[in-house]
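One-letter residues, chain by chain:
2 protein chains.
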Amino acid sequence: MPSYTAPTKDLQFVLHDVLGIAQADIPGYDELDRDTTAAILEEAGKISEQVLAPLNPVGDEQGCTLENGVVRTPEGFKDAYDQMRAGGWMGLDADPEFGGQGMPYVMNCATGEMFVSANMAFNMYHGLTHGAYATIHTHGSEDLKATYLPNMVEGRWSGTMNLTEPQCGTDLGLIRTKAEPQDDGSYRITGSKIWISAGEHDLSENIIHLVLAKIPGGPEGVKGISLFIVPKFMVKDDGSLGDRNAVSCGGLEKKMGIHGNATCVMNYDGATGFLVGEAHKGMRAMFTMMNEARLGVGLQGYAQGAVAYENALGFARERLQGRDVTGAKNPDGPADPIIVHPDVRRNLMMQKSFVEGARAFCLWGATLIDTAHRKQDAEAEGLISLLTPVIKGFLTDKGFETTVLAQQTLGGSGFTREWGLEQFVRDARITMIYEGTNGVQSLDLVGRKLPADGGKAIMAFFELVKTFCKDNADDPVLGDDFIAPLKAASKDLQAAGMYFMAEGMKSPNNALSGSYDFLHLFGHVCLGLMWARIAKAAQARLDAGDGDTDFLNAKIATGRFYMARQLPATALHLTRIQSGGDTVMALDATSF
Amino acid sequence: MPSYTAPTKDLQFVLHDVLGIAQADIPGYDELDRDTTAAILEEAGKISEQVLAPLNPVGDEQGCTLENGVVRTPEGFKDAYDQMRAGGWMGLDADPEFGGQGMPYVMNCATGEMFVSANMAFNMYHGLTHGAYATIHTHGSEDLKATYLPNMVEGRWSGTMNLTEPQCGTDLGLIRTKAEPQDDGSYRITGSKIWISAGEHDLSENIIHLVLAKIPGGPEGVKGISLFIVPKFMVKDDGSLGDRNAVSCGGLEKKMGIHGNATCVMNYDGATGFLVGEAHKGMRAMFTMMNEARLGVGLQGYAQGAVAYENALGFARERLQGRDVTGAKNPDGPADPIIVHPDVRRNLMMQKSFVEGARAFCLWGATLIDTAHRKQDAEAEGLISLLTPVIKGFLTDKGFETTVLAQQTLGGSGFTREWGLEQFVRDARITMIYEGTNGVQSLDLVGRKLPADGGKAIMAFFELVKTFCKDNADDPVLGDDFIAPLKAASKDLQAAGMYFMAEGMKSPNNALSGSYDFLHLFGHVCLGLMWARIAKAAQARLDAGDGDTDFLNAKIATGRFYMARQLPATALHLTRIQSGGDTVMALDATSF
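Taken in order, these protein sequences are the chains called X and U.
Residues in the first sequence are numbered from 168 upward in steps of one, following the numbering used here.
Residues in the second sequence are numbered from 168 upward in steps of one, following the numbering used here.
Because the hints were derived from the structure by calculation, they are not lab data.
Where chains are identical, the list cannot tell them apart; a pair therefore holds if satisfied intra-copy or between any two copies.
SDA-like mimics (lysine to any residue), calculated; alpha carbons at most 25 Å apart, straight line:
#1 496 / 341
#2 654 / 742
#3 658 / 742
#4 496 / 757
#5 421 / 568
#6 542 / 552
#7 390 / 355
#8 448 / 489
#9 213 / 189
#10 496 / 759
#11 213 / 759
#12 421 / 481
#13 542 / 183
#14 658 / 736
#15 213 / 203
Based on the sequences and whatever the hints tell you, model everything.
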C-alpha cells in the first residue's frame, strides 16, 4: 500500500517564507501567523494520513454501486465523511453567517492539497459541495441562502454541479434540459444530465443539485440558460426534509479512475427547481465560480503528483539494484539503492522540482483570489483570471506527467495495483479533462484572458516578473542561476504574445494553433518565477542563520534543476507557436 | 466499443514505397512483391479486425483467473488462439525446418502491428512463444530443438521467459534460483520467479519456460547465470506429453493494464530443467534475443498509439461542439464537428505524425534485423544494435503519450470505459517498463551502444543522414521543409555525442544524467529521417502520376507538421544534456 506523509513543513515554508501571508495586507490574513497555520496544517495532515489515505485503495478497488436507485460508497467513506464534518473541514473558509469558519481561501487550498493527495475520489464529495455553496452564496436570494447554506457548510447536505448532457459538453449552448415556470414561482425541471460527480451517494442527508436548464421561450444558445437548485429531498418551511423530489440516478459511469466517487447519470423527471439569480443568466452564475473551481482542479493535479513522488522517492531509497558508477555506496549490501543512479535522480528531480514549484504557484493563486475577494482588488482579479487556465491546464498536465514519472521509478512494481502508483496515474488523468479540458483552457487563455481589458493582466504579469528580475539581478545566489534563465523564458513568453497580436486578427487559426503551447510556455514562466522566489526565501533564511539548513539548501538546489532542465522548454513552445497554423490545418478533415 | 481498421494501405506504402523491400538485396525479400504482401496484410488485417479487436475489451473486463493452480483466460481467447494457429500466424517467420513459413522478420512486424493494435494482451501469448522459440533456435542443441520447436512453431505449445525475481529486476546478478546438476544430465530447478507473462494459461497444451538460474559453484553475479528449458509437462521420447513437472503458478498479479494476459508468480520446486547453450553463459543467450524482443515492444508502443489515434479521429469527425472560428462548416447542424478546431487538429496531427513515422522507423529496423541475420551483415547488426534502445524507448514513451493525447481528444468520453481509449492508455503503459525500463534503455544506448566498436555504428548513422541530406538538399519539396530541419536536428545529435565523448571519461554522471534526453533526441532525428524518406517516396509517386493523390499529399503535409512541430524538440534535449549532471546530482539522498 502506498504511503502518505503530509508536507506540512513545506506548506509552512511556502505560506510564510515565500508568500509572507502573515504580513500580507489582506483582510483575515493577520490571523494567519506561523503557529496558527501550523496547528491547522498538522490537524489536516493527521486526518489525511490516518483516515483518508488508508481508504484510497479501498475506494479504488470497491468503487461505488447502484442498487434500486441507491448509491453505496466504498467501505469506510461514510465514517471518514463524518470525521471530516466533525472536524469542521467542510466549512473552513465558508461565511460565518452560515456556520463557516471564515478562514481565507488560501488555507482551504493548503489543507485541501493534503486531503486530495490522500484520497482524491473521497475529497470530491465535499469539494463539489464547496463549489455549490459558493455559487448559491454569490448568486442566490437571501431565502435560498438561508434554506440551503447552513446545512451545506456543515456537510450535512452535499452539493453537485449539473452541466453536461449527452449531446453537449463544452458547448453548453446545446443544452436541452427544460425548466417550466410554475404558478408558485418554482420550476419544473425535465432532462438528463451525465457525468455528475457525487450525483447520488449515501454520505449526506440531502443532495443539493445545481442544474443548468432552459426556460422555454428564452433566447437561443448560451444566452438562454438559467441556473436552478434542485434538492434531492424537498425542504419544508421548518428546515426539515420533506418529500423526495423527482430526480434520480439512472446509472453509474465506469471509468478509468476516481472509482470511489460516484459519477452519475441524473434524470430530472419534472423535478421541482428554484431559480438562482436571474433567468437566462445561468452561465454568468456558473462562470463566477470558475476561477476557484479550476484552481481546485489544478491543485488536484499537482497533489496527485506530490503523493506519487513521495512513493517514488521511498522506493528509490530502498530498492537495491546495480552499483553507483562512481563507486559502491552500499558496499556491504548486495547492491546500491537505485537513487544513486543518475537517470533515477533525473526522474526524481523532475518530479520534485515540479511538485514544489506547483505548490507555491497554486497557493500564490489562492492569495490572489483572497486579494480579489477580500479587498475587491480589480488588479488581483484580472491577474488570477489570466492565471486560472494556466494553473488548471499546466498543473494538471504536469501533475499527470509526474505520476507517470513516479510510476516509472518503480519499474515493474509501478504497474502493479499493490504499490498504488498506477492508481495515482488513473486518478490524476481526469484532472486534464474536467472543468473544461486543457485544450479549452488554452482557448480561454489565448482567446479571452490574454486580450481582456487590452491585455492589462498580461502586462501586469510581465511587470511583476521584470521588477523581480531587476531587484535581484545582482544577487550572488539568484543572478546567474535564476534571474538569467527567468528573463530568457519571460522573453519567449513576450515573443509568443507578440506573435498572437500580430497574427490574431488576420489569421485566428495561426493564433489558436499555438494556444496549447502558449499555456505550457506560460506555466513554465510561472514556475520559473516561483522557483526564483523560493530560492530567494530560502537564501534569506540561510542568511539569517535560521531554519533547517539542509531543507533550505535543497530548495535552492532543486530550483537550479528546474531552471536548467525544465524552464528551457519555453524555447520549444515558442518555436512551435511561431511555426503557425499552416502545418496544423493543412489537411482536409477527410484526408486524415 | 472502440473501432479498429487495419492500416494495410499505409503498411504497403511503407514496405514498398519507403523501404522498397521487393528491390532490396536481402535473401527472401525477392518474394515480397506488392501482391504477395498485400495478400498477407489483408488476411492479418481481417483476423485483427474481426476476431482479435472485439475481444480486447472483453479481456480487459474479465481478466484472468487462477483457481486450483489453473489459469483461465478471458472468454473467446482460446477460440481466437486456435484461429491464429490455424492461420499459420504463429510460425510466419519461423524456420521451415521446424514447420515455420520462413518469411522475413519484417513481415512478422507488419502483421504484428495489426495484431497488437487489435489486442495487445492476447498477442503476448504467442509473442512470448516467438521469443522463446528464437532463443532455443539460436542456442539450443539439435536435440532440444527437435523436441520443442515444431510444437512451439505451430502454437500447440507456448513459451515464456523467466528472468525477474522479487529481489532482482534489472540487476540479474542478484538471481537466487538454483539449478542443481543431476546424474542424467538434467538439472533440478528451485526458486521463485515473478512477473512471468503467460506463465500459466489454458490456450496451449504445454508451456515451455525459459528460466535463468545459477548452478551452485559457478561464478558470482551475472557471469554465473545459466539458461534452462523447464517444460510444464515433461516430453516423452515419442514426443507425447508425460508427467507434470514441478513448476506451478503461485499467483496472478493485479495490474494497471493488459488484464487479458496472465502475469504469474512461477514457483519451481525442484523442477526438471535442461541446459540451453553453455553453463554460465545464460546472459549471452538471453541478450542475443534482445534486439528482436525490444523492437517488438517498441512496436507495441506505437501500435497502441495507432489504434488510439484511429478512435480519436473518428470521434473528432462525429462529435459536434462549437463553431469553426473562420465560419461554420456544418451550418445545418447544431454545431461543427470538433475536427474543425485548431487545437483539436494540433492534437490529432501530433498523433498522426508520430504513428506513421514510427511505423516506418520500426519496419526499417526490422529490415536491418533481416539484413543482419539473412546476410550476416555486420554493419546492419551494428546499426540495429544502436537503434534498438531508441526504438524501444522512444516509440513506447511516445506511443503512450499518443494514447493519452487520443484520450484527450474525446474529452470526458475518453475517461469512460465504454469508449475504450482508457484501456489503450493502461495497456500501452507497460511497454515503457518491460524488457528493460526506458531508463535502462537509455543507459544501454549511451553507456554501451554509443561507444561500441569505437563509435562505428553512430558514425554510420550520421553518414546515412548526411548522404540523404546531400542527395536531396536541392529538391523543391524536400529542401526547405525537410532537409533543413533534419540537418539541424542531426547537428544537435552530434553535439550531444561530442558532449558525452568529452565528459564521459572524466565525469560519468555528466554523461549519464543526459542519457534519457539523448534517447529522445536520437528518436526525433530517426523520425525526422523517416518523414524525409516518406515525403520523398510520396512525391515520387505523385511525380509518376501514380497512386492516391490525396493519400500521398497528406503524407507530405503530415511530414511538414512533424518537421515544424515535433523535430525542434532536439534543441531542448541538447540544452538539458549540456546542462550536465551537477543540478541532477546536487542533493544527498537524504536531502530530497
